[in-house]
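Student: Chain by chain, the residues:
There are 2 protein chains.
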Amino acid sequence: MKEVINHIKSNKENYINELKDYLRIPSVSTSSSHKKDMLTCAKFVSNKLKDAGMTKVKIIPTKGHPLVYAEWLKAPGKPTVLVYGHYDVQPVDPIKLWKSDPFEPVVKGGKIWARGANDNKGQNFVHIKSVEAFMKTQKKLPVNVKFLIEGEEEIGSENLELFLKKNQKLLKCDAVLISDTSLYAEGIPTINYGLRGLAYMEVEITGPNKDLHSGSFGGSVANPINELAKLINKLQDKNGKITIPNFYKDVIPFTKKENANIKSLNFSDAKYAKELGVNELQGEKGFNTLQRLWGRPTLDCNGIWGGFTEEGAKTVLPSKATAKISMRLVPNQNPDLIAKEFTKYVKTLVPKSVKVKITAMHGGSPVVIPLDDPAILAASKATSKAFGKKTVYTREGGSIPIVVDFVKLLNAPAILMGLGLDSDNIHSPNEHFSLKSFELGVLSSAYFLDEFSQLNK
Amino acid sequence: MKEVINHIKSNKENYINELKDYLRIPSVSTSSSHKKDMLTCAKFVSNKLKDAGMTKVKIIPTKGHPLVYAEWLKAPGKPTVLVYGHYDVQPVDPIKLWKSDPFEPVVKGGKIWARGANDNKGQNFVHIKSVEAFMKTQKKLPVNVKFLIEGEEEIGSENLELFLKKNQKLLKCDAVLISDTSLYAEGIPTINYGLRGLAYMEVEITGPNKDLHSGSFGGSVANPINELAKLINKLQDKNGKITIPNFYKDVIPFTKKENANIKSLNFSDAKYAKELGVNELQGEKGFNTLQRLWGRPTLDCNGIWGGFTEEGAKTVLPSKATAKISMRLVPNQNPDLIAKEFTKYVKTLVPKSVKVKITAMHGGSPVVIPLDDPAILAASKATSKAFGKKTVYTREGGSIPIVVDFVKLLNAPAILMGLGLDSDNIHSPNEHFSLKSFELGVLSSAYFLDEFSQLNK
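Top to bottom, those sequences are chains A and B.
The first sequence runs 17 to 473 under this note's numbering.
The second sequence runs 17 to 473 under this note's numbering.
Everything labelled a hint here was simulated from the structure, so no lab data went into it.
Treat the hints with care, since some could be wrong.
Here are some chain B residues pointing at chain A (derived, C-beta under 8 Å) [claimed, not checked]: (1) Phe119; (2) Arg212; (3) Cys317; (4) Gly322; (5) Ser342.
Owing to the predicted nature of the structure, the values given are computational and were not obtained by experimental measurement.
Just so it is clear, CB atoms sit at the ideal spot from N, CA and C, and this is done for glycine as well.
Let the sequences and hints guide you as you build the complete structure.
Tutor: Listed below in structure tokens is the structure:
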């Protein structure tokens, strides 16, 4: 490993220059005007994989933007890791707020500033470079490696999902390695081991058959906005528990190890509240903030509308009111079952004086990788070696649907070896990525390949 | 009276032709392109008042559209009635839905079809014609009469309010006679003796200082939409009673006479529910529908918005959510006091985890004229004679702010001698007015002048 590590350390500047070339390609997947740039970027990635010594490098066309696939499978008896990443980036609007050209990377203050610097070019490039370091110094890799870098993550990964379903054999592996999340804090090696799922519903309440004058009719008929408010109120009790029957039935409680990990993180409620500009945090009673964010289901209204919403005072008693209500789910809650329970329950809550229409808009499964999974342990050791600190474990409150697809379809654990920071402005102007994290990322990736090779297949 | 009545009956056709001329003037007050038509219409009204035998007829300029004033004060020792009406009309959009030209009146099916046919040209014209009938046949009126016909009712009567405040002596009277409401049902003589008031509030709840991702943050902080829903829910109890402290303190209960009147109306909940397309009516427990509409205060959300309100499923935990909440008030509730109590109470309802901003948007006083007021009794007898049926008493759930101003500033009862029907499409395409109601209106007005003259001044 020494040669590999030294190679990486002495090539730091080269890596940054190569990353700059990667960042110069305006691979904005959402805009059709960048279609050509997307192909240019896929070619760039495939060339870098070839240069790194990967074999069978292919640009695979899809109905949308192409996938890049590569493999190196010359380590018989050793486990296989599939590295996932994406070469597409978010749009740059509002362009005015950028301090430098989003597609002309600038190094300043120990950071590289450009669209995609963190999300995800900077983070996926570390794995290409770690493979290269092995190949350049050892002529071989310690494990079998596959790469799958897509161009549609920022627009929903639809074509990747289709590809996954049809190519489970090609993509067969013992772990999926993904760097697309954040460090717990700067300089702290972090492995994310869980994501919440989602059940997203829309509820429409209809009262009278047309908008009425709230003077002439107020007091005689149910008001759909008031009824919607009552309904939303009934979905949670005063302790913040969700009142839907069977809602918590399949929730896996925190393990002792998880609780010990959370305790060790010394999360500051005060600092968090200050950042969000609130006087007090709020959530389900009986759980601390990280428990609530990472391993407890929630119910949040994401939108609500009805009646008169302009400036002024129109006295309308509206015919309809609508809310978008989503529930974040945790293992082993099933989004389809939760949507059904929600629907059944909500129907019982509305009075006869109104009608209710409930639509399941979107669902996604939660996922958690056991903290004693050998791949998780290997990743933990690897990042600890690279950063020179004890690795911490986090879960993420949001969902990354494609991770769940990997875990389910390939039957392999996902290793979320995030290297960014929440403050890196990943979907905003002035995106950046710490060059220190970038370097430690290449080292973490290299250590992981080594650690992973010590597992029995 | 016989001569007066015969004169009216034999001039029916003339009245309709004159009303047609009145309706041909497109006096849309809200549109600056009709400024000239407004003056034309004011001149038309003043000429009709002169023709009717009124004296001191004046077109009084305002900052907006002119007022028309007239008087006949040659009945010493007799009471004075002030007739109020408005010559301006609502816009005609959507013009496509009209079956005939809104400004080319058509008589069909016993109705006259045109913009303003009911609201308010048809209804104010009856009083000009009844005065004329007296003057043509008796050369005098049985009481003193003043007319005040404005051109800004459909845009808020602001300039009339100013004029009222400055001209209380000029407008001094013993009753204000207004035909601008509806009959309880076709052919039923109706006197409206009360209007509800209004306190219209806006409540804005702010949670985190920016929109957050509901996955990454859901469960850790209060959601402003959920909190707004909880707040709205707390404003009423399960019996539909409003929970604001001191809210009902000043509410005058129904009198025995009022309850007897309501009972006599045989209001059909089933028919009303069917018309509104609801399976069941809803409102404050312990009161029937007409009681709730006419004499009980209400609380209705008139609008609500927050978060993502487009198609689809965006997972946002919004920073803000806002509702417009209005309360209809009844005598003797004071809109300013109610707004204060609301504000004080709402502040106690929100948790520390969010901030609340409460704005009083608009207020108006309720009014009720005692059912044994001599002017009410005179109007009741008059309409009963004209229609040949017992007069019924109604109140209106909505507010007509200018009526309250008349009552308060002139210290006189308002007689709402409505002649329209709720089905006359007054603010919609194909407005119309029953010719039978028009004729019975002229007769009612004539009988009223006669009945009112029998009161001691």
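Student: Work down the list of hints and note, for each, if the structure agrees.
Tutor: Hints and how they fare:
Checking Phe119 (chain B) against chain A: minimum C-beta separation of about 26 Å lies over 8 Å; hint violated. Nearest Cβ of chain A to the Cβ of Arg212 (chain B): about 6 Å, under the 8 Å cut. The hint holds. Interface restraint check: Cys317 (chain B) against chain A, minimum CB-CB distance 4 Å, threshold 8 Å, status holds. Evaluation of the Gly322 (chain B) hint against chain A yields a held restraint, the C-beta minimum of about 5 Å falling below 8 Å.
Against a cut-off of 8 Å between C-beta atoms, the interface hint on Ser342 (chain B) holds, since the closest Cβ of chain A lies about 6 Å away.
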